Structure formats: C-alpha cells, structure tokens
Amino acid sequence: MRTTTWKDRLFSTFNYTLLSLLGFATLYPFVNLMAISLNDALDSLRGGIYFWPRKFTLLNYEIIFEQDSLLRAAIMSVVRTAVGTVLGVAVTIMIAFALSRREFLLRKPLNVILVFTLFVNAGLLPAYLLNVNLNLMNSFAVYILPMLVSAYNVIIVRSYFEQLPEGLTESAKIDGATDFQVLLRIVAPVSLPVLATVTLFVAVVHWNSWYDNYLYTSGTPSLNLLQFELMKILINTVNEVANSSGSSSNSNALNTNPDAIRAAMTIIVTLPILFVYPFLQKYFVKGIMVASMKE
Amino acid sequence: MAETVLGRETVPVKRRGKFFGKLAKQWQLALMSVPFVLIGMLFSYGPLWGWIMAFQDYSIAKGVTGSPFVGFDNFARIFEDDQFFRVLRNTLAMSLMNMATGFVGAIVLALLLNEVRKTLFKRAIQTITYIPHFVSWVVIANIFSFLLSPDGGIVNVVLMKLNLISEPIYFQGKPEWFWYIQTLANLWKEIGWSTIIYLAVLVGLNPEHYEAAEVDGASRFQKMWHISVPGLMPTAILLLTMSIGWLINSGFESQFVLGNDVVVEYSDVIDLYALRYSIQLSDYAYGMAINMFKTVVSIVLVLGVTFLAKKTNQSRLF
Chain A
1 MRTTTWKDRL
11 FSTFNYTLLS
21 LLGFATLYPF
31 VNLMAISLND
41 ALDSLRGGIY
51 FWPRKFTLLN
61 YEIIFEQDSL
71 LRAAIMSVVR
81 TAVGTVLGVA
91 VTIMIAFALS
101 RREFLLRKPL
111 NVILVFTLFV
121 NAGLLPAYLL
131 NVNLNLMNSF
141 AVYILPMLVS
151 AYNVIIVRSY
161 FEQLPEGLTE
171 SAKIDGATDF
181 QVLLRIVAPV
191 SLPVLATVTL
201 FVAVVHWNSW
211 YDNYLYTSGT
221 PSLNLLQFEL
231 MKILINTVNE
241 VANSSGSSSN
251 SNALNTNPDA
261 IRAAMTIIVT
271 LPILFVYPFL
281 QKYFVKGIMV
291 ASMKE
Chain B
1001 MAETVLGRET
1011 VPVKRRGKFF
1021 GKLAKQWQLA
1031 LMSVPFVLIG
1041 MLFSYGPLWG
1051 WIMAFQDYSI
1061 AKGVTGSPFV
1071 GFDNFARIFE
1081 DDQFFRVLRN
1091 TLAMSLMNMA
1101 TGFVGAIVLA
1111 LLLNEVRKTL
1121 FKRAIQTITY
1131 IPHFVSWVVI
1141 ANIFSFLLSP
1151 DGGIVNVVLM
1161 KLNLISEPIY
1171 FQGKPEWFWY
1181 IQTLANLWKE
1191 IGWSTIIYLA
1201 VLVGLNPEHY
1211 EAAEVDGASR
1221 FQKMWHISVP
1231 GLMPTAILLL
1241 TMSIGWLINS
1251 GFESQFVLGN
1261 DVVVEYSDVI
1271 DLYALRYSIQ
1281 LSDYAYGMAI
1291 NMFKTVVSIV
1301 LVLGVTFLAK
1311 KTNQSRLF
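From first to last, the protein sequence lines are chains A and B.
Mapped onto the working numbering, the consecutive letters of the first sequence carry residue numbers 1 to 295.
Mapped onto the working numbering, the consecutive letters of the second sequence carry residue numbers 1001 to 1318.
Since the hints were derived computationally from the structure, they do not count as laboratory data.
Please note that the accuracy of each hint is not assured.
What the hints assert, rightly or not - DSS-like cross-link-like pairs, simulated, lysine-lysine; straight-line CA separation at most 30 Å:
1. B/K1311 x A/K108
2. B/K1022 x A/K173
3. A/K286 x B/K1310
Quick caveat: nothing in here was measured; it's all calculated off a predicted structure.
Given the sequences, and given the hints that come with them, work out the whole structure.
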C-alpha cells in the first residue's frame, strides 16, 4: 500500500546518514583512545593513530598497574562504589516504599520535603562548609553520606511501587507479614527493572565522582580515587600545553608519553561502565518512563 | 447533656492519641524513613545554615555565634565586584547555550530516530548515544583534549586536510572559544539521553493522525512537521519551563575539568568563584552571600515559572 516517493527516499537517506554520523561521532573518541592506549607511546608521538594501534603494546597499562598509588586508587574506587551503592540503594528503596504506601501517616510531609530538595540547591561552598563542620574531611564517610539519597532516584522507585497492584501488599499484610517482609519478599522481586535502574544510577555517580575527592580528601592519599588521579594528570598536561602558548610540546622522548598513560587511564575508568550498561539498558528506559509519565 | 459535652471535649485528645497510636502501628514504615530524614535532609538542607554568615562580618575565630551582624553589607559588595559579574556572565551564557542546544538537539534527534523503520539500527543508535551520559566529566574532558589537541587531534587534522586552516589551532588555549567547547561537550554527552522522554511521547501519539495524513498524500517530512512536532510541544514546553530554574546553575564540573589557567576569564562560574574566594581569602561571609543570592534567584525563577505555567498553559500542560 505504502508508496515511497523520491522525496521520502531522499529524506530516509539523509536521516540514516545523519544518525550514522552521530553514532560515529559518539563512538570514535573511545575507539581512538583505545588505539592510542594500546600503541607504543613513543610511536604515538608521530601522530596518525586513529582507529587501530600501529605498534601494539600493553606497556601503557602495565605502567599504570605497576604504580602502587594508581592500583590503590583503583581498589578505593571499587570499594567506594560498592559501599555507596549498597547503602544508597537500600536507603532509596526503603523511603520509596514508605512513601508509596497510601496509609502511611507521614507520607505527605515527607513527600514535600523530598520534592523540595530538588529545588533547593545550596551550592558548593555551603556544602563544603557543612562537611568541614561535620568533621568529614579526609574520611571515607564523605564519599558516602552526602550522596546517600537522591530525590530523583526516590521518585523513580516510588512511582514504580505506586503503579503495582495494591492488593499485592494488602493480601500479604492480612497474612501477617511485616512491612520489611512485604518490601523484601513481595515488592522487591516484582520491581527488578526499577531496582536495576537506580542501582546503575547510584553506582555510576559513585564511580564517576572526583570533586569530593579533590575538595575533601586530597590530604589523604590512601583515599584517592581513579577519577581523581586521572583528573590530576589531565590538569597537569593541559596546563603545561596551555602555558607553553599552544606550541606542540612533545615531552622528552625518554619518558613514556603522558598522553598514552592518560588514554590508558581514561579507558580503564570507562570500561566498567561500558560493560555493565548495555545489560541494564532495557530496564532503565522503562524505569524512567514510568516515573516521567506520572509527573 | 454532660455526656455530650464531655464527649466533645475529649475529641481532640482522642484524635491526637489516635494519630500517634496509628503511627506507632506504622513504626516499620517510619523506621524505613529514618535514614532519609536524618541523613538525606541533613545534607540537603543542612548547608543552608551557612546563610547566617552571609549577614555577618564573619570570622572563623568568633564563629557563627560570636560574629557581629552587618545586615546586607555582603550583598552590597556583590554588586560592586567586577569579578562577580564576569562569573555571572559565564554562568548565564553557558547555561543558556546548554539549554538551547540541548532542547533543540534532543527534539531533532528524537524526531529523526522516530522516522527510522529498521528497529535494529534505531536501537543501536540509541544505545551508542546514551553511553556518554554515563561517563564522568573527567573522561569527557580527556576525550575533548585529545580531539582538540593541536598535536595530532582529529579536529585539527581534518581542518588541515580540508585546507581550511594552515596550521593547527590550540582550541583550548583560546579563552573566547571556551563557551562553545563546553556547550559542544555537554551536547555530545547528553543529547542521546535526553531523547528518552520525547521518544516515549512520540510512540504514544495517535497512529490515526499519521494514517489520515498518508491518505492525504503527505510526505514523511510533512507528517513529521505537522503531526510529530506539535505532538511533542506540550512535553517540550513543560521540560523547558522546568529547566528555567537551572538558568543560574550551570554546574561546575565541566567548567573545572575543561578549563585551564589561560581561559579562566571565560570558564569560571559562580560556584567555583565563591568557593575559591572564600577559601583563599578566608572570607566566608562573601562567598555565602554569593551562594545565597544564587539559590534565592533560582527558587524565584522556579516558582515564577511554575506560577506562569499554571496560569497560562493549564489546559495544555496538565
């Protein structure tokens, strides 16, 4: 039935071309960094590495993992992400569950308090002073406590819980189940998509975080994270180049090229996300949809 | 009679008793709220106590309780500070540019994706373009410093090959380019992710409209322009109005990692300025005044826009 005119075909061609270009523009930087990180550092100085390494080597990665400080930073990043995610998701699910229960007497005031946190953004300096006053400087807790609950995540989970059939909780309660049992045994198992979504969101925020490390814990090297180490290398190289007024500053050939190390670290920091994310994609699209349709 | 009077008098007492009695029965739900109430609220609203300092001649030695109050003196200083107007200009410029490009970019991309008939291709592009959203600003800044490098970065290589420039440009060393680089980086990071809601709306549009247009001989582009675009508008306007509150809040992570000493005139934003000023000069009162100014402006913007939206677009938005 559908007749395709030349106009439609032109549009289609244009559309597919444009979208392919966008896909390419998104992927290319990662591919390029991968190639640079796997190429001999001195050879990279000649330029011309685009899609594929010219002189393959794993040396850049070996150098990173030979440095105790970077290895420790990697471990600290994993620990922080694990602890922060477990605690963050637990707290988010609990408050979301309580707020999804219509009979809960504190539901209204707590909801108002929650939504208001979205609009009241005190800013960087007040948050900094609060953490100083709470004695959180140079402690692991400063990674976990300030970002324990995000209103955005609570709203996503709450919306999902609210659209579950009400009979689900009621019948379990009649059978004598406690609220904790209802949440753990009945509501959570049927809410895996949204739980996967917030787990990903919380984990990503922790994994990607660097400025709390920079502001609060840079005095304690044992608390340094991978993102922060990468940030330090970036700032050093960029300022070096900037201050040499833009002329290409090829570093002395004896050292390994800092760009190669930087590329390898960028890949190390990005890989965990690239591995986890595609498996969760179908969940989070659904999870966000439920939340946004309700708003 | 006495009974009814007595009965009436006991009502409020009974009710209050009932409330706490009921709440006691819900102790488990209350317990579940405790971590949020204690810690979530502490870190969301706790920073606001510092606002007191904004009205004081604050010194660390005397503390908040001992420092004398000076009224609005610190706020008056804001309007005499050229540096402040510079960082305010940067903040507003970047958030406006991010908002405009993000808004148009997301709608255009959603419309184009919606026209793709090959599901596999569509899903592939979606999956790919969501990736940068999950990547840290540190990684993005590294990526851009490679792309824009004068030392074999792809942008310079392509421009040279096309003979558009004769020698490499050090883009990140040019202050007046910073806003554009930050906007581009932000667009690259978020464009895919921001299509999610628009795509959901497009899927939900009535297929009969498209069928009717097809019968009338409308082209693909015409259908997109006359059916999909108007279908997206209510959501687009709603999202745009909700983002107005962020006008004075451009974030600071991207500016911090994309910027450098040379471009600081154009990369510095309110949050970074207030923090640096306060810590370097131990002048917390002034930094707090700046932050309070920022928060109050954004709350006023949010409330104003919500009020206007309710008044004018009621039927269209809700």
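Hints not upheld, ascending by number: When the structure is compared with the hints, none of them turns out to be violated.
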